[in-house]
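Peer 1: Given next are the chains, with one letter for each unit.
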Amino acid sequence: MDTTIWIQLISSWGVPLVLLALGYGVGTSVERSHYRSLRIREARMRSLPALNLQRPPAHWKIAGAGMVTGSVVVSVDYFKRFLAGLRGLVGGRIRVYESLLDRGRREALLRMKEGARQQGYDAIVNVRLETSRMASSRRDGKGTAGVEVLAFGTAVRIAR
Amino acid sequence: MVYVPRTPPENNVSRTHPLVELATLLGGVAAAAVLLTLAAMAALDWIVPHIPPRLEIRVFGGLWPGAEALGEPDGPGARTRALLLRLATHWEANPYPLQLTLLPAAQPNAFALPGGAVGVTSALLDSVQSENELAFVLGHELGHLAGRHHLQAMGRSLLLSLALAGFHRGGSEALPLTAASLTALRFARDQERAADRFGLWLLAQEYGHLGGAADFFSRLPDAQAPQAGLRVASWLATHPLSADRVQEVKDWARQNGVPLQGPLRPLPWRHQDRR
Amino acid sequence: MILSNTEEVPGRKVRELYGVVSGSTVRAKHIGRDFMAGLKNLVGGELKGYTELLREARQEAMDRMVEQAEAMGANAVLNVRFSTSSVAQSAAELFAYGTAVRLE
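Chains as they are written, first to last, in our numbering: chain A, 419 to 578; chain B, 3 to 277; chain C, 3 to 106.
Everything labelled a hint here was simulated from the structure, so no lab data went into it.
Owing to the predicted nature of the structure, the values given are computational and were not obtained by experimental measurement.
Treat each hint with caution, since some may be false.
As the list claims (entries may be wrong) - Reference listing, derived: stretches of chain A covered by chain B, where coverage requires no fewer than 3 residues with Cβ under 8 Å from a Cβ of chain B:
1. 462 to 468
2. 505 to 518
Said to hold, decoys possible - To spell it out: a stretch of chain B is covered by chain A in this simulated footprint if at least three of its residues, at any positions, have a beta carbon under 8 Å from a beta carbon of chain A; those stretches are:
3. 6 to 13
4. 25 to 39
Think of the CB as a built atom: it goes at the ideal place given N, C-alpha and C, for glycine as much as any other residue.
With the hints as extra help, turn the sequences into a complete structure.
Peer 2: Right, here's the structure in full:
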């Protein structure tokens with residue numbers, strides 16, 4: 419009878435704890451390596467300006483223009499979801515989601531810039547950002563599978 | 003205008019460490035749940051004694067079958083009822099016209115029912131070995147009636163279902179609800195102990211000794227000295243551990259100067275048709 | 003710090019462009035506000051609790067955007083845009099972005 423009690427306790431508390439630890443451990447290391455990659459690529463892309471002004475500066479001689487986009491869907495790990503659920507009870511800032519969206523935004527902008535550079539553009543104007551939630555496959559349709567960030571703008575070629 | 007590439011600082015993420023945030027949230031939510039439950043228990047404790055027994059009898063009293071359903075006048079049902087009424091004569095403040103309800107069931111069990119009834123299962127009547135033991139079980143249930151515990155239990159489950167209804171979101175409602183139910187279970191176990199003491203007192207009044215009480219507990223499955231796992235699981239239980247209850251019988255006997263053992267009376271119907 | 007949601011500030015010229023700056027914050031509502039909102043859903047009207055909450059969050063997002071611009075040496079943010087999106091069942095992200103510039 420003793421072992422059945424332990425089995426009961428472990429199955430009701432142990433599995434969520436393991437998932438939490440897994441989510442935290444793996445999630446944190448994934449996040450850290452993503453940030454490292456972001457910083458490196460941002461340094462590389464800094465020479466390509468992305469502005470959200472509608473018209474490019476007057477002294478640029480525009481030789482061609484086209485729309486460019488960059489998007490990414492970042493997923494939520496179990497740890498983040500659990501924390502967000504607790505926050506939903508007491509209110510306040512959800513720090514783990516802030517890092518998620520920060521990463522998503524920077525990644526989307528980088529992909530837009532990298533796409534523009536690949537196509538030979540020199541700058542992007544009228545940059546806009548859109549964020550939306552992907553619903554998870556839960557029965558009631560609630561819950562978050564991930565967050566999609568889309569960055570789009572008009573890329574221009576500057577004649578020299 | 004000239005484009006000067008500059009790096010924005012990474013200020014869109016707050017500085018707190020996620021584990022620290024988790025610990026604060028868990029602690030905060032659990033503490034809030036425990037406090038709310040304590041407040042709810044205290045409110046119940048305050049409200050329930052003000053519910054007049056007359057009202058309770060009027061609402062619930064008609065639900066339980068009368069004495070005719072107990073079978074022949076010399077059978078276990080009627081004899082148990084007679085024992086119940088005899089025990090209750092020692093309880094001077096009794097407001098209820100007591101009834102006994104006999105339920106056919108395979109598990110030995112006894113209940114205090116709203117409206118002033120005590121329910122026992124047929125399996126219980128089969129498993130008790132002496133009249134004293136049966137008297138202790140009946141006395142324990144009378145203890146619940148005396149403390150209006152049955153009403154408090156109804157109030158507790160009502161509040162718990164309300165809380166469940168209000169909390170219908172993701173997986174994190176498990177934590178505050180668990181904290182709340184652990185607190186509520188502690189109250190339930192305290193009530194069981196109080197009912198035990200009332201039952202012991204009735205035994206002392208009726209027979210002059212506590213024989214039979216400890217026997218009942220020592221026959222329950224978890225009566226041996228509990229190992230660590232059982233101790234932890236006891237926080238999840240509605241009743242205290244049987245080993246603890248046996249100890250409390252001995253302590254009560256010592257504190258009130260009542261002998262722990264004494265001559266046990268046989269069940270009035272047993273020697274007629276079983277032996 | 004001058005904030006404007008227009009391309010240009012009338013009468014001032016842009017000397018240097020530093021790039022896109024953004025500020026964001028993710029806020030969750032607590033169960034009390036949720037409950038009141040549920041009641042309000044029966045009778046209609048303004049959800050004052052949520053208005054308050056989102057206003058504070060938007061202010062914080064703007065403050066973070068201004069912080070970024072100041073760190074880059076800008077004295078104005080042009081073409082400021084706002085975006086609100088729901089990122090979890092009980093939480094919303096408030097996002098403000100614009101172009102950090104130095105006006106002369």
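Peer 1: Take the hints in turn and mark each one as holding or not.
Peer 2: Hints, verified against the model:
1. 462 to 468: holds (count 3)
2. 505 to 518: That given contact holds, which follows from 9 residues of the stretch 505 to 518 of chain A lying within Cβ reach (below 8 Å) of chain B.
3. 6 to 13: n = 3 at 8 Å, threshold three: holds.
4. 25 to 39: Answer holds; 5 residues pass the 8 Å Cβ test.
Hint check: no violations occur; every hint is consistent with the structure.
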